[in-house]
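For our numbering, count along the sequence shown from 1 and bump the result up by 168.
Calculated from the structure, these hints are not laboratory results.
The structure presented is a predicted model; accordingly, all values stated were derived computationally and were not measured.
Just so it is clear, CB atoms sit at the ideal spot from N, CA and C, and this is done for glycine as well.
Take these hints with a grain of salt, some might be off.
Ranges between beta-carbon positions, derived for each pair [claimed, not checked]:
id: 1; residue 1: 259; residue 2: 327; range: 29 to 37 Å
id: 2; residue 1: 327; residue 2: 186; range: 36 to 44 Å
id: 3; residue 1: 267; residue 2: 305; range: 31 to 39 Å
id: 4; residue 1: 329; residue 2: 193; range: 25 to 33 Å
id: 5; residue 1: 306; residue 2: 330; range: 20 to 28 Å
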Amino acid sequence: DLNVATTTIYWHVGGRDELVLAVIKRLSDLQSTTAITGDTPLERILCVATKIWSNALNHRNITALAHQSGATSLLGLPMEIAMAQELNAAGVHGAQARDALRAILSCVAGFLVVGFRSTAIESEAASQATRQIQPQVLWSEVTDTGIDAATLAAMRVSPKLNPLFQTTMRAVIGAFLPSSADAIATSSTPEAAPTTRRANDRA
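Use the sequences and the hints to build the structure in full.
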């Protein structure tokens with residue numbers, strides 16, 4: 169997963185705890201070289217959030233290890249720093265930047281829970297009983313007259329996470345951006361050259 173042989177890791181690292189932290193630190197270091205792109209403040213902050221989500225999904229075993237060992241902050245620090253920098257660049261500072269960052273990360277975490285759960289349910293190991301208590305199955309039995317037929321039908325279909333993630337994150341990020349940054353975000357032109365930074369860049 170990290171292009172490092174297992175024997176090499178054990179040769180240089182002692183106990184299990186040290187090994188786990190070394191693996192987490194390795195992925196954290198790799199994330200620090202991630203390119204952050206986008207024409208506008210909203211797009212660049214969205215890029216960071218999307219990178220956090222995709223990195224966690226692509227390295228779910230390490231993500232789980234970080235969660236179990238209480239090292240999620242270590243794993244995510246480079247991307248959190250990148251997001252804080254982009255928020256500052258967009259005119260969001262201090263406690264407002266802190267709250268914006270935490271709100272965005274909380275939304276990302278929620279989507280990760282859904283993503284991990286969906287993968288687990290789709291696996292062959294999932295029991296029939298587990299499949300029968302999933303939202304779309306439970307909604308198939310709902311006949312509430314206070315909900316229109318189109319909504320009931322939609323609730324019986326599994327959501328497409330990627331577009332839903334993008335839509336949700338745009339709304340959350342936009343809620344914290346000042347009007348000037350929001351105006352820039354909604355008036356970008358195809359001719360504008362995107363800004364590219366690395367997650368480990370410093371302003």
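Each hint, compared with the structure:
Separation of residue 259 from residue 327 is about 33 Å and conforms to the stated range, judged on CB atoms against 29 to 37 Å. A C-beta distance of roughly 40 Å is found between residue 327 and residue 186, which places it inside the suggested range of 36 to 44 Å. Roughly 37 Å separates the CB atoms of residue 267 and residue 305, a value that falls within the hinted 31 to 39 Å. Checked against the hint of 25 to 33 Å, the C-beta distance between residue 329 and residue 193 comes to roughly 29 Å, which is consistent with it.
About 24 Å separates the C-beta atoms of residue 306 and residue 330, a value consistent with the hinted range of 20 to 28 Å.
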